[in-house]
Each structure stands twice: as C-alpha cells, then as structure tokens.
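A.B. asks: Chains as they are written, first to last, in the numbering used here: chain A, 927 to 1060; chain B, 36 to 317; chain C, 632 to 762.
Hints in this document: simulated from the structure, not taken from any laboratory. Just so you know, these numbers come straight off a predicted model, no measurement behind them. It cannot be assumed that every hint is accurate.
As the list claims (entries may be wrong) - Heads up, simulated DSS-like pairs for lysine-lysine below, C-alpha to C-alpha not over 25 Å straight-line:
(1) B/Lys146 x B/Lys106
(2) B/Lys146 x B/Lys205
(3) C/Lys745 x B/Lys146
(4) B/Lys205 x C/Lys745
(5) B/Lys169 x B/Lys106
(6) A/Lys1036 x B/Lys260
(7) B/Lys169 x B/Lys205
(8) B/Lys260 x C/Lys739
(9) C/Lys746 x B/Lys169
(10) B/Lys205 x B/Lys298
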Amino acid sequence: MTPPGNERVPIQSEDDIVRARRIARTYAQELGIGLTNQTKLVTAVSELARNVYVHGGGGTMQIEIVSNRGNQGIRLTFEDHGPGIPDINLAMQDGYTTGNGLGLGLGGAKRLVHEFEIESWVGRGTRVTIVMWA
Amino acid sequence: MAKGSRLAEILRNYEADLLEDWLREQRASGTLRPELLSETELRAQSREFLNAMQQAAQGGNLTDITTPEWKNTRDLLARISSIRASLGFSPAETATFVMSLKQPLFTRLGKEMDGQNLEGLLGEIWTVTTLLDKLGLYTTEVFIESREQIIARQHEDLIELSTPVIQVWKGILAVPLVGTLDSARTQVVMENLLQEIVNTASDIAIIDITGVPTVDTLVAQHLLKTVAAARLMGADCIISGVRPQIAQTIVQLGAEFTGIRTKATLAGALALALRDLGLTIQ
Amino acid sequence: MDRIPILRMGDLLLVTIQFELHDRLVMAMQDDLMRLIAETGARGVLIDISALDLVDSFTARVIANTAEMARMMDAETVLVGMQPAVAITLVELGLSFHGVYTALNAEKGVQLLKKIRGPLTGESSDDTAGE
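Work the whole structure out from these sequences, hints included.
C.D. replies: See below:
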C-alpha cells in the first residue's frame, strides 16, 4: 500500500486545495510522521496551495519521497506561472498581504516544516519547496 | 581485471566445500559470539550469502555492488547487519562475516589455477579481495545506520519516561521538568501535556521548572508556545519553580512572559490553581 | 452547496464542524451564523471544532472575524475542542484568536458563556447577576 514515490497534483480550484491536503496527509501517515508534524505539514500545504490558486492563478504540487541517512521524508514542490513575487523578503514577513485580506502565509508555512526554499521570477511564476522528515 | 573471472564458476562448483571452509574460518576468528547467534542461524546466513553472491557474480560485474544484480546480496547483508547491531555485535565482528570468506576463496582459487598462471591468479585475487572489501564496508555502513536508529529510538523512549504528566487534583495537571531541556524534549513535553489536558479535561496545567538548570531563549520560547497552545484549547498554564537566575535570564532575554502567571514554588502554583477552580484548603 | 449545520438552543447557537473545510464552506458558515444571530437574538455562539484535524490561517481568520462580528451584534463566541496538534500548529503559524473565548469541550463552553453573559434563557435560575 505504499504510495508511488512521485506524483503531481493539479491546483486549479478550491477542491484541489482540499485534495492536495488529503494526499499530503496520506503520504505523511505512510511514512510514520507523528501527528503534530503531520498537522504542521498539512497546514503548510493548505497555505501554499492556496497561494498557488489565489496568487499564482493555479499550478501544481509535486510529491516525492526523499531519504537521507536512512531517514525518510516527504518533499513537496509548489509551482505556478503567476505574476511572481518582486520582494521575497517582504513576502516572508508575518502579516504581509496583497490587500485582498488573504495573507500569503509564507513566513508561517516556513516555520511549520523542516526545510523551506522559495524561488520566484517576476512575470513568470513562483516555486516553493518544502521537506518534512519522518 | 574482472573480465572472465572464474569466481561465479567456483562459487557454483564448490558451494558445499566453501561453506564448510568459511564456517571453520568464522569459528576460528573468535568473533562469533555463540551466546548471541546460534550455529544453525550462522550456517543459514552463510549459505544464503554464498547463494546470493553466486547469482550476482554470474552477471560478470564484480566491481560495482550498487547495481541491480547485487540487490539481493545487499539486502541480505543489510538484514544480517542490522540483526547483529541489535544483538550487540561490534562493527568489526559484523564485518568479519564477509572478510573471513577471503581465505577459503583464495585457497580455492589457488588450487583451481594450479600455479601455472601466476598473473591470472593475482588478478583473480585482486578482483575478489576488492569485491569482498566493498561488501564488508557495506555491512559496516548499514551497521552504523542501524545503531543510529536504535540510539534515536532509545533517546525518544527516555524522553517519554523522563516527563510524566501528573494529575494533582481534579482539573489540575502538573509536569515537573528535570534536567536540560532541548528542543526535541520540550516538543514531546508540550505534546504530552496538551494531550493529557484533553484526556482529563483539566482547566489548569502547572509546568514546574525547579529542576531545570538553565533557561535559554529557545526553552523560554517553547514554554511560551506551550502556554499559548493550551490557551487556544481552553486551558491555562502556571509556570512554577522560577528561581532568581531564571527570572533574570527571562527578563534579560526579552521573552514575552507578560500575561503568563508564574510562581516561585510548586506549592504557590497549586494554591493559585485551586483558587481558580474555587477550591480552598482548610 | 453544502452547509455546516447550526443548532439553536435557547439563547445559544451551536455550530459543530464535522468535516474538512472548503474555503466556501467557512464563508457560508459566517453568513449563516450572522443571519441566525439577527433572527434569534442569540447571546452566545459555540463553535465546536473537535472533529477538525486542520485549521489553516484562512479558517482561523474567518473564525476570529466571525467572533468579532458576533460581538458587535451582542453575542459572545466560544471556540471549543481544539485538538493539541492543531493548537501547536496555529501557535507556530503565529496566529492567535484575539477576543475569542476558548474551552476544552462543549460543556465547559456553555459554563463559560454563562459566566460571561449571566444566565441564559431556558436555564432554571432566578439569579440576575451578569455583566
């Protein structure tokens, strides 16, 4: 019943956000990630998937199982082809919002996972990669 | 050098002899620990290894053990290695399992090649010794990984044991923290405490830090987060056992303890908690 | 569209969230709750989230806003049953529910509302104390 190691989930609607959370939860459970870290991971997925949908105009979440010195983890890559983020440092600050009342939640998501990386190209899109170890 | 090696052929033709010679070699090495591993198990493991190695060697690749045809051999070694790690073997004793196969194989190669082709024999010995070295190193690698996992697990168990959550009164929990608080341990304490709050429907939790030698920024922050999480769930925390140095550290660190109730002693915290619940001690 | 059921008990409105939340569903709950407070003159709202294994910043913000709106209409909100893992995650996210009361379970939530609001109708009490 182990899930395939590599899967790409579209994020084009609110329903997709819910689906992305469910899939991430299933993987985290399979890897034996504890309940608290599971909840942190799935919450980060919710924040990042919503960013992709609301700010990036839709995109994808890629799931990979990674391992390091016998320890397994889940790596999720969120990609969109939206407007990009001109000032990443500013966007990472708590409470930063684009004005429609939805904070980007990037800073928060970073605190919820073990590894966090963000790249953005203005006019071309944004890619966020997170890792949670078991 | 691996080209046209006769290893696979020798392994196939002299399987039974090699097994006996190898077992004799292992017994002589003094690394067997019969109190930990029975003769029957050792024999089964050795036979299985010779089989796996023979299958793998048939492919002709005797230099790279990371390829698919060596997968069975690697898996087998990994299994043997982690079993030995948990039984309490040393890394050297574990690696000897593979290394001790050298002598029987070299002897057999010598007999087969009949001394007339010295260069060929040296080539074979070189191939086999490199191969067995790689397999031996692989067992050590797996051994260390297994050990690390065992240590990590024991560490977790220890953390669980060292932070009991006690119900001191109906509606009041207490966690006496003793020893150095690192990030991992505070996280476990926090999770256990919050879960116990739910299980017992307790309104107040006392976190006693009398036994904590020092409080740094990280620990102070963890305490703050625990209190914040408890409040989100509908319970309150009192931190007790705040000694002078700790009070000084917390204030100097600039940690936001405003709004968090602290007491110098556990007794003081208990009295406060009882008062909260509308109880008095006669 | 799906709706989160809201139960009326005297002066109280009881919202029990039992399944995973879509953003639409959260917003619909806010609308329904506001309408019901206006219609019933409810003085207290209990939101039970014990079945939720995830509360993200969007949901948290809507709940906090709902509580604030309810207060402007003279109803206090108590959020009950938050799971430990959810609480830890919200703290890590840096979110707090300012002005939202919390309680461990529905029973304690009702007790708390009584303490804040004084006796609620339907309760057998001749006590008129309140704030």
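A.B. asks: Regarding the pair B/Lys146 and B/Lys205, is the alpha-carbon distance no greater than 25 Å?
C.D. replies: violated (82 Å)
A.B. asks: Given the hinted pair B/Lys205 and B/Lys298, is their Cα-Cα distance within 25 Å?
C.D. replies: Distance ~20 Å between B/Lys205 and B/Lys298 Cα, so the pair holds.
A.B. asks: For the pair supplied as a hint, C/Lys745 and B/Lys146, confirm whether the alpha-carbon distance does not exceed 25 Å.
C.D. replies: Roughly 95 Å between the alpha carbons, so the hint for C/Lys745 and B/Lys146 is violated.
A.B. asks: Is B/Lys260 within 25 Å of C/Lys739, Cα to Cα?
C.D. replies: holds (23 Å)
A.B. asks: Holds or violated: are the alpha carbons of B/Lys205 and C/Lys745 at most 25 Å from each other?
C.D. replies: Holds. B/Lys205 to C/Lys745 sits at ~21 Å (cutoff 25 Å).
A.B. asks: Is the straight-line distance between the alpha-carbon of A/Lys1036 and that of B/Lys260 25 Å or less?
C.D. replies: holds (17 Å)
A.B. asks: Keeping to a limit of 25 Å between CA atoms, is the pair of B/Lys169 and B/Lys205 held or broken?
C.D. replies: Distance of about 62 Å is beyond 25 Å: violated.
A.B. asks: Hint check: B/Lys169 vs B/Lys106, CA-CA at most 25 Å. Holds or violated?
C.D. replies: holds (14 Å)
A.B. asks: Can the restraint linking B/Lys146 and B/Lys106 be considered satisfied, given a maximum Cα separation of 25 Å?
C.D. replies: Distance ~30 Å between B/Lys146 and B/Lys106 Cα, so the pair is violated.
A.B. asks: Please verify whether C/Lys746 and B/Lys169 have alpha carbons no more than 25 Å apart.
C.D. replies: violated (73 Å)
Consistency with the previously given hints fails for numbers 1, 2, 3, 7, 9, ordered from lowest to highest.
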